[in-house]
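Participant: Spelled out, the chains give:
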Amino acid sequence: MSYIAKPKVHHPSLRKNALGLTRRDYEGAITTLCAGCGHDSVTAAIVQAFWDLDIEPYKVAKLSGIGCSSKTPAYFLREAHGFNSVHGRMPAIATGAGAANRDLILIGISGDGDSLSIGLGQLCHAIRRNVNLLYVLENNGVYGLTKGQFSASADHGSTSKKGEINGMNAIDSALLAISLGATFVARSFSGDKAQLVPLLKAGLAHKGLAFIDVISPCVTFNDHEGSTKGYAYTREHQIELVQADYVPEHSEITTDYEPGSVKNVLLHDGSTLRLRKVAEEYDPTDRDRAYALIRERQRLGEVATGLLYISPDAPDMIEQSEAIAEPVYNQPFENLCPGSAELEKLQLRFR
Amino acid sequence: MRPTDVGSPDYFHKVVDCQWACPAHTNVPEYIRLIAQGRYDDAYLVNRKSNVFPGILGRTCDRPCEPACRRTRIDGKPVAICRLKRVAADQKNDIRDRLPQAPAQKNGRKVALIGAGPASLTVANDLMPLGYDVTIFEAGPRPGGLMRINIPAFRLPEEVLDEEIGYIVDMGVNVKYNRPVASLKQLLDSEAFDAVFVGTGAPKGKELEIPGRHDSDNIFIGIDWLASIHFGHITTVGDRVLIIGVGNTAMDCCRSAKRLGATDVKVIARKTRKYFKASAWELEDAEEELVEIAENHSPVRFITENGTLIGMEFDRFLSSEVDGKLVQVPDGRVVIPCDTVILAIGQENAFPWIEREIGLEFDKWEMPVVDKTTFMSTRPGVFFGGDAAFGPANIIWAVEHGHQAAISIHQYCLGQPLTDRPLSGQSLTPTKMGLHEWAYSNNYNSAKRQKMVHVQMPLRFSKMTIEVEEGFTEEQTRAEVERCLNCDIQTAFTDNLCIECDACIDICPTDCLTMTQDAEEPELREHLTAPADNHEQSLFVSGTLKQTGRVMVKDENLCLHCGLCAERCPTFAWDMRKFELHLPYAGFPVPQATPQALAKQEAKS
Ligand SMILES: Cc1cc2nc3c(=O)[nH]c(=O)nc-3n(C[C@H](O)[C@H](O)[C@H](O)COP(=O)(O)OP(=O)(O)OC[C@H]3O[C@@H](n4cnc5c(N)ncnc54)[C@H](O)[C@@H]3O)c2cc1C
Ligand SMILES: Cc1ncc(C[n+]2csc(CCOP(=O)(O)OP(=O)(O)O)c2C)c(N)n1
Ligand code: SF4
Ligand code: SF4
Ligand code: SF4
Ligand SMILES: [Mg+2]
Numbered sequence: 001m002s003y004i005a006k007p008k009v010h011h012p013s014l015r016k017n018a019l020g021l022t023r024r025d026y027e028g029a030i031t032t033l034c035a036g037c038g039h040d041s042v043t044a045a046i047v048q049a050f051w052d053l054d055i056e057p058y059k060v061a062k063l064s065g066i067g068c069s070s071k072t073p074a075y076f077l078r079e080a081h082g083f084n085s086v087h088g089r090m091p092a093i094a095t096g097a098g099a100a101n102r103d104l105i106l107i108g109i110s111g112d113g114d115s116l117s118i119g120l121g122q123l124c125h126a127i128r129r130n131v132n133l134l135y136v137l138e139n140n141g142v143y144g145l146t147k148g149q150f151s152a153s154a155d156h157g158s159t160s161k162k163g164e165i166n167g168m169n170a171i172d173s174a175l176l177a178i179s180l181g182a183t184f185v186a187r188s189f190s191g192d193k194a195q196l197v198p199l200l201k202a203g204l205a206h207k208g209l210a211f212i213d214v215i216s217p218c219v220t221f222n223d224h225e226g227s228t229k230g231y232a233y234t235r236e237h238q239i240e241l242v243q244a245d246y247v248p249e250h251s252e253i254t255t256d257y258e259p260g261s262v263k264n265v266l267l268h269d270g271s272t273l274r275l276r277k278v279a280e281e282y283d284p285t286d287r288d289r290a291y292a293l294i295r296e297r298q299r300l301g302e303v304a305t306g307l308l309y310i311s312p313d314a315p316d317m318i319e320q321s322e323a324i325a326e327p328v329y330n331q332p333f334e335n336l337c338p339g340s341a342e343l344e345k346l347q348l349r350f351r
Numbered sequence: 001m002r003p004t005d006v007g008s009p010d011y012f013h014k015v016v017d018c019q020w021a022c023p024a025h026t027n028v029p030e031y032i033r034l035i036a037q038g039r040y041d042d043a044y045l046v047n048r049k050s051n052v053f054p055g056i057l058g059r060t061c062d063r064p065c066e067p068a069c070r071r072t073r074i075d076g077k078p079v080a081i082c083r084l085k086r087v088a089a090d091q092k093n094d095i096r097d098r099l100p101q102a103p104a105q106k107n108g109r110k111v112a113l114i115g116a117g118p119a120s121l122t123v124a125n126d127l128m129p130l131g132y133d134v135t136i137f138e139a140g141p142r143p144g145g146l147m148r149i150n151i152p153a154f155r156l157p158e159e160v161l162d163e164e165i166g167y168i169v170d171m172g173v174n175v176k177y178n179r180p181v182a183s184l185k186q187l188l189d190s191e192a193f194d195a196v197f198v199g200t201g202a203p204k205g206k207e208l209e210i211p212g213r214h215d216s217d218n219i220f221i222g223i224d225w226l227a228s229i230h231f232g233h234i235t236t237v238g239d240r241v242l243i244i245g246v247g248n249t250a251m252d253c254c255r256s257a258k259r260l261g262a263t264d265v266k267v268i269a270r271k272t273r274k275y276f277k278a279s280a281w282e283l284e285d286a287e288e289e290l291v292e293i294a295e296n297h298s299p300v301r302f303i304t305e306n307g308t309l310i311g312m313e314f315d316r317f318l319s320s321e322v323d324g325k326l327v328q329v330p331d332g333r334v335v336i337p338c339d340t341v342i343l344a345i346g347q348e349n350a351f352p353w354i355e356r357e358i359g360l361e362f363d364k365w366e367m368p369v370v371d372k373t374t375f376m377s378t379r380p381g382v383f384f385g386g387d388a389a390f391g392p393a394n395i396i397w398a399v400e401h402g403h404q405a406a407i408s409i410h411q412y413c414l415g416q417p418l419t420d421r422p423l424s425g426q427s428l429t430p431t432k433m434g435l436h437e438w439a440y441s442n443n444y445n446s447a448k449r450q451k452m453v454h455v456q457m458p459l460r461f462s463k464m465t466i467e468v469e470e471g472f473t474e475e476q477t478r479a480e481v482e483r484c485l486n487c488d489i490q491t492a493f494t495d496n497l498c499i500e501c502d503a504c505i506d507i508c509p510t511d512c513l514t515m516t517q518d519a520e521e522p523e524l525r526e527h528l529t530a531p532a533d534n535h536e537q538s539l540f541v542s543g544t545l546k547q548t549g550r551v552m553v554k555d556e557n558l559c560l561h562c563g564l565c566a567e568r569c570p571t572f573a574w575d576m577r578k579f580e581l582h583l584p585y586a587g588f589p590v591p592q593a594t595p596q597a598l599a600k601q602e603a604k605s
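So the sequence lines, in the order shown, correspond to chains A and B.
Heads up, the first sequence is in the numbering used here, so the first residue is 1 and it goes up one at a time.
Heads up, the second sequence is in the numbering used here, so the first residue is 1 and it goes up one at a time.
Heads up, some of the hints might be wrong.
Said to hold, decoys possible - Some chain B residues close to chain A (C-beta under 10 Å, calculated; not the full set):
hint, residue
1, Asp506
2, His527
3, Ala530
These are computed hints drawn from the structure, not numbers from a lab.
Where is the CB? At the ideal position from N, CA and C, for every residue including glycine.
My request is simple: use the sequences and hints to build the entire structure.
Facilitator: Printed below as a string of structure tokens:
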């Protein structure tokens with residue numbers, strides 16, 4: 001927590017995007033998290049991604065649960081809509097918001113506690129429904145807000161700050177998401193914005209639920225020796241499987257790569273995700289192999305990052321439910337509530 | 001790049017743009033903070049230590065610090081550094097008991113200073129406390145040099161001069177007034193002095209030898225004319241006055257003419273505004289008083305009728321800028337009617353009283369050959385400073401010359417080599433007071449530069465001695481001090497503490513910070529969070545960072561010194577530390593850390 005707000009003045013070279021906004025216009029209130037918290041870097045990456053994509057903040061809804069991670073929507077896009085739900089319920093709120101207004105750009109921020117313990121069921125069903133949502137799980141292996149208890153993502157054998165050993169196995173959110181049929185699964189690191197920002201942009205462009213697990217160290221409770229979610233550990237064990245470059249619609253692909261090393265995936269909005277295979281045998285559109293490879297890396301003690309799996313064409317919640325093309329919220333009252341005569345008719349059909 | 005060496009004072013000193021630009025290296029941010037705290041006495045003494053005449057300079061300084069001020073690069077206008085100096089001087093209490101004193105026991109050395117301008121006075125100020133017996137020979141009846149006889153009283157009241165000169169003279173300087181030195185040889189031959197300092201200024205106004213120059217009594221040399229006004233020899237002027245030249249002297253001449261009753265005053269410039277020598281604020285002040293400034297005119301002749309000046313003829317030009325250079329093409333001739341002309345086209349040195357065969361070399365421009373560091377001439381024991389040394393400059397340069405010459409004179413008298421200059425030093429003290437509290441006002445304040453209020457127009461012309469600037473009100477002072485960015489509160493970085501969490505990079509409002517692969521400076525400048533295209537500003541480059549092998553780079557250019565990087569840093573790798581530059585003065589060298597002490601310090605961190 002800082003007593004002064006971040007001064008409004010900025011560097012004169014700060015550029016404006018197509019909307020005439022600077023990156024600073026996408027910021028929010030000054031953070032109240034601990035100095036050095038990984039979550040703040042994720043916030044900065046989110047600010048950058050929204051600015052890069054020229055997204056009008058008022059078209060965005062920020063949703064979250066409870067936790068230090070879930071506090072962060074206050075720190076970006078001050079002009080966006082927001083809903084800070086009860087613990088673990090972000091996916092339900094996001095589902096409702098998406099159902100009411102299919103035009104909203106949804107970003108859900110959650111933590112490993114929020115998503116993998118109390119909200120685990122919620123996460124699973126949002127994935128099943130393929131809600132059109134960018135789901136960012138800020139993963140630090142602890143309940144930061146409640147002072148550092150092991151969370152469900154804490155690795156077996158890792159130790160708490162005071163030295164207790166975690167005896168339970170971890171839930172790996174990326175593997176879970178793939179096995180549940182998620183259509184976009186990525187893993188990244190708060191300390192690697194070069195990787196994280198393009199993934200966030202791709203996730204925003206993706207139709208359906210884009211799940212990004214971001215290792216985001218808790219400097220206060222989980223950045224010690226014995227932790228497997230700290231800055232040093234992650235840097236030592238991170239291995240980038242696939243590097244994703246986000247190429248907006250209409251822009252030419254100019255960089256040359258060795259033939260065969262690049263795979264382009266067309267996203268539904270016309271933009272392209274250019275995947276550079278860093279690990280040779282990897283194919284991020286092959287679900288079974290993706291699963292197997294992440295497991296294998298895990299056994300080697302490595303943290304596989306990058307775009308792990310993508311299926312760009314699966315129907316999202318709106319398509320699955322054959323909803324009307326217009327957002328529901330601006331339907332005339334008669335359409336939403338056609339009256340008791342219509343209700344009678346409907347009920348007759350079930351007699 | 002090589003990791004930045006912050007061990008020598010130069011790196012952090014340069015970050016304090018104003019202090020670096022000030023010839024005497026006044027500790028500006030420190031005195032501004034003291035003013036903010038209402039500690040006017042302390043603020044005054046911080047000033048006095050380096051610039052000797054805070055009250056005078058707070059009204060008249062050329063203020064090279066202001067164009068350098070970082071605030072200009074942030075919101076377009078520098079902090080009103082100079083006028084805040086005046087606030088300290090005006091608001092202080094009696095500080096006489098805190099001024100340096102001459103010891104009861106003299107050291108047995110005698111020094112002669114020729115001229116009682118700011119240069120000589122500074123030498124006296126520095127040598128008196130060391131026990132020197134100081135004698136000043138002054139041609140005029142009172143001390144102060146051009147500060148007194150040329151800078152008009154409406155800019156610099158006499159009381160201010162008397163007070164600050166008094167602080168020096170009252171230490172027991174032996175001033176001999178109305179005693180022009182007519183022969184340096186004689187003075188040296190008398191062997192009455194261990195060292196002699198020449199601070200006689202550049203007393204000669206430049207001539208304009210064109211037809212008609214000597215046909216009228218109403219054509220004056222600017223600096224002589226101003227002096228005559230000061231001495232009361234001139235009390236009137238014609239209605240229509242032309243001032244030739246557009247430097248600082250011209251500005252004082254045109255405004256003085258207004259006060260003597262001229263109704264139509266024109267300043268005539270050969271070039272265009274961009275090339276005017278006068279400072280922007282002086283031009284503004286003159287124009288506020290409805291002085292007209294005419295560009296693109298070059299004098300051809302004076303026109304007299306029966307011995308009466310009636311006008312002046314000029315070549316006119318059309319000007320344009322080609323590749324950043326002024327190109328002027330003739331555009332006919334014009335006659336501008338007038339009854340008085342003041343020539344303000346520059347000053348020259350003149351040393352008719354210095355014999356050329358006494359081992360004191362002069363160059364082809366008839367200027368004494370003076371060492372730029374020691375201020376000694378080619379005749380050992382004879383020193384120069386102020387306008388006499390290298391031609392006309394300004395008061396603050398005269399002061400700095402005085403300090404340096406005093407150091408040399410002291411070393412000369414002790415028989416130490418003059419080229420062994422005493423070194424400056426630095427101290428860096430933590431400013432952390434609490435989790436998010438600092439010992440300075442770190443919040444950025446968006447206040448605009450305060451406008452100096454001037455005495456109403458007809459009233460201010462009624463007397464030569466009405467000071468035009470009213471000085472800042474308490475409210476203005478309170479607003480202006482908060483504009484200072486505290487550039488002396490430095491961002492100090494300890495590389496082995498950094499865990500590369502990005503917190504500082506993300507929070508920095510002006511994108512000063514970057515962690516990146518090391519490269520040579522030109523390349524590095526291009527690959528920072530924001531382009532570092534102000535090459536006059538330094539890059540700080542850390543040693544290698546532990547986790548990724550990158551380096552931390554800071555572009556000093558636009559740092560607000562807001563301390564947010566240090567606040568957000570979880571490991572105190574960034575810290576805000578107050579930098580103090582310790583300058584050596586005559587007899588007061590700065591203690592230097594021994595190599596052993598330095599090694600010890602290093603081992604600790
Ligand atoms: C009109 C005008 C306005 C100015 N305004 C400003 C301003 O606003 N701010 C600023 O910073 N600077 C200003 N300056 C410049 C500034 O006044 C000088 O740079 C400064 O005074 C130089 O100081 P000095 O000690 O070298 O010599 P001076 O101030 O010139 O003093 C020299 C002294 O030596 C005496 N002297 C000369 N010859 C002899 C001799 N042979 N024997 C004994 N005594 C002798 C003179 O009588 C004089 O008192 C201005 C100059 C002029 C002409
Ligand atoms: C219903 C409910 N149960 C328990 C809590 C207590 N609680 C607050 S935050 C939190 C865990 C947050 O962990 P995580 O989502 O990982 O967030 P982090 O702080 O680590 O970012 C818990 C258990 C609560 N607020 N509400
Ligand atoms: S407790 Fe941990 S997760 Fe919470 S703000 Fe502090 S560092 Fe971040
Ligand atoms: S003090 Fe730190 S955060 Fe503030 S502007 Fe300077 S570098 Fe940036
Ligand atoms: S905040 Fe501190 S630890 Fe983090 S990157 Fe900056 S200097 Fe390093
Ligand atoms: Mg957590």
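Participant: Each hint needs a verdict: does it hold in this structure or not?
Facilitator: Structure-based check of all given hints:
no., hint, in the structure
1, Asp506, "holds (4 Å)"
2, His527, "violated (12 Å)"
3, Ala530, "holds (4 Å)"
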